[in-house]
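Dock chain E against chain B, hints included.
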Amino acid sequence: MLRAGKPLFTLRPFPTRSVATILLLLAVASTSQPVRSQDGILLPGLSALSVSDTQDAAIAFVNMTSSPGLEGATLELDGEGRQSQQWRSSLGFTAEVTLKQSVFNAYWGLALVGASLHDEIDLIADNGQPVHLDLTRHVVGLRGSLGLVLPIDEHLKVKPFLSLVRSDLNSKSTIDNLSATGPSAAPSGEARYKTSSNLLSSVATIDASYWQWRGNNKVELAAQFNLINTNSVSGDTPWLNVSSWERSVQLKGKYSGPTSLVSVGRPWRWNAYATYTDFISTNKFSLGYNKLIEIGAGMDWQINIEPLDWFGWRSIGWSVGLIKGDNVVGYNIGVTAQ
Amino acid sequence: MNGTRVLLICLVIFIAACVKAPVFESHNQALLRSNYPIVRLNGNDIEPSYSLTFAAGNTTAVVVYRSYRYEYACHFTWDAAPGTVYEVTDQEDKYPLTLYRWVRTNRLWASRLSPLDPEQCVKN
Chain B
1 MLRAGKPLFT LRPFPTRSVA TILLLLAVAS TSQPVRSQDG ILLPGLSALS
51 VSDTQDAAIA FVNMTSSPGL EGATLELDGE GRQSQQWRSS LGFTAEVTLK
101 QSVFNAYWGL ALVGASLHDE IDLIADNGQP VHLDLTRHVV GLRGSLGLVL
151 PIDEHLKVKP FLSLVRSDLN SKSTIDNLSA TGPSAAPSGE ARYKTSSNLL
201 SSVATIDASY WQWRGNNKVE LAAQFNLINT NSVSGDTPWL NVSSWERSVQ
251 LKGKYSGPTS LVSVGRPWRW NAYATYTDFI STNKFSLGYN KLIEIGAGMD
301 WQINIEPLDW FGWRSIGWSV GLIKGDNVVG YNIGVTAQ
Chain E
1 MNGTRVLLIC LVIFIAACVK APVFESHNQA LLRSNYPIVR LNGNDIEPSY
51 SLTFAAGNTT AVVVYRSYRY EYACHFTWDA APGTVYEVTD QEDKYPLTLY
101 RWVRTNRLWA SRLSPLDPEQ CVKN
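Those protein sequences? They're chains B and E, same order as listed. Reading the first sequence from the start, the letters are residues 1 to 338 in the working numbering. Reading the second sequence from the start, the letters are residues 1 to 124 in the working numbering.
Pulled out of the complex, with its shape left as it was, chain B reads as follows (with noise of 0.2 Å):
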C-alpha cells in the first residue's frame, strides 16, 4: 500500500556540491572583464574607429548569432549615423535523455548557426571631416551542448548545461573618403579590409522554465542566463586574436491553448509568445544594439512521435513574430519544432 510521507523509490543523491560548484564558477566569471590582446587606433587620424571597438563588434555579432537560445530573425536598423541589415538562423535540435536511477536527466543538442550582417557607419575624422565605414559579415558555426534536466517539482525545471560553439567569421570592410584622416591615409581615399578569423565559444547556461496549466489552456515562462567566453584567433588580423566575456539574458513567456483544427488525426494549438533578450555586457556601438523584443503568435501540430524509438517529438508548427529594440525593428518568420 501507499503511504503518504515514505519514498516509494529510493532515489540517488542530488548532485548538489557539483550545481554548487557550476553556479560558484558562473557568479565568479559573470563578474570578469573582458581581456583583449590590445587598445588603440585602428588607423590614423580616425580614433572615433579603436581597435577594441572593432573587436568588440566581431565578438558581439559571433556571440549575438550562436548563443543558446536565440532564435532566427531578420534585423534593420537605423540609428544616428549607422544602418544596417542583418539575419541570423539556426537549425538544430536539443533532446533530454532520462538516466533511470536518477532524478535528474541528461540534455543535450546540436545546432548548425550563421548570420550575415551589412552595417554602414558615418564617423568623423579627427580633422572634424566626414567618414564613411561599409562593413559585411558571414558567420558560420556549429554549437554542441550538454548539461543536466533538474526537475524541482511537477512545474519547475532547472536546466544547467555548457555549450561549445565552433565558428568562421569573415568580414569586408571599405572606408571611404580617408584622405581627410590626414596625410596617412590612403591617397586613393579609399581602403578596403579583409579578415577572417576562426572562435571557439564556451557558454555557461543555466536556464530555469515553469509551466501551469488552466483547463486546457498553458502558460509556460522560461528565464536563461548565458555567460560566453569567446576565443578569437585570426592568421591574416593580429587585432582580432582576442578572448572576451560576455554575459546575457533572455525571458519567455507563452500562452497556448486548444484549435478546433485536426490534421491526419493529430490536433493543432495556436499560440502567443513574447521574448526579452538582454546581451547585458555587450558595447551598444558593438552591433548599435543589445536589447530585443520580441512579440509573436504561431500554430502547433502534435504529432507525437518518436524518432527511431529515441526521442520524444511532440510538435513542429511556424511562428510570426515582430521584433523591436533600440534603433531596431525586425521579424522572424520560423519553423518551431519541440
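I should point out that these hints are in silico values taken from the structure, not numbers from a laboratory. Because the structure is a prediction, the values reported are computed rather than measured. Just so you know, even glycine gets a beta-carbon here, dropped at the ideal spot from N, CA and C. No false leads were slipped in.
For lysine to aspartate or glutamate, the following EDC-like pairs were computed, each having C-alpha atoms within a straight-line distance of at most 20 Å:
| no. | chain 1 | residue 1 | chain 2 | residue 2 |
| --- | --- | --- | --- | --- |
| 1 | E | Lys94 | B | Glu220 |
| 2 | B | Lys218 | E | Asp93 |
| 3 | B | Lys252 | E | Asp93 |
Residues of chain B clear of chain E, computed beta-carbon distances all greater than 10 Å:
| no. | residue |
| --- | --- |
| 4 | Tyr107 |
| 5 | Gly109 |
| 6 | Leu142 |
| 7 | Asn198 |
| 8 | Leu200 |
| 9 | Phe225 |
| 10 | Thr237 |
| 11 | Lys252 |
| 12 | Trp268 |
| 13 | Tyr273 |
| 14 | Asn283 |
| 15 | Gly317 |
| 16 | Lys324 |
| 17 | Asp326 |
| 18 | Gly330 |
Relative to chain B, chain E alone:
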C-alpha cells in the same frame, strides 16, 4: 570513397532497423514501458521496473515521477488491448506523467496515440 559508401550503407541499415515492435509470447499479452519506475501493477506492489509484460484487460498501474521536492505516484487505469504497447512519459502536461498507446509507424518512427491522464497523482 569505398569506405564512405560502406559507412553510409551501415548507417542506413542501422537507422532502418531502429523501430521494432515487440514480440509477445502469448497473444493475450500487452506491454507497458516507462521512463519512470512502475511500482505497482493491478494492485500488487512490484520491484521498480521500466518495462513489464502483463495480461491484457482492465489494468491499473502506479508510476512514480520523481522531482527534488516531491515524488508523484501517478495512478493509471485503462483497458489494455492484446498485443499492444503502452508507454508512460513526461510531456509537461496537466499531470506529471501521461500514458500513451505506442504504435510502430514504420522503421524510422513510432507514434504516441490516445493520451490518457492519470486518475490522480499523489504527492509524497
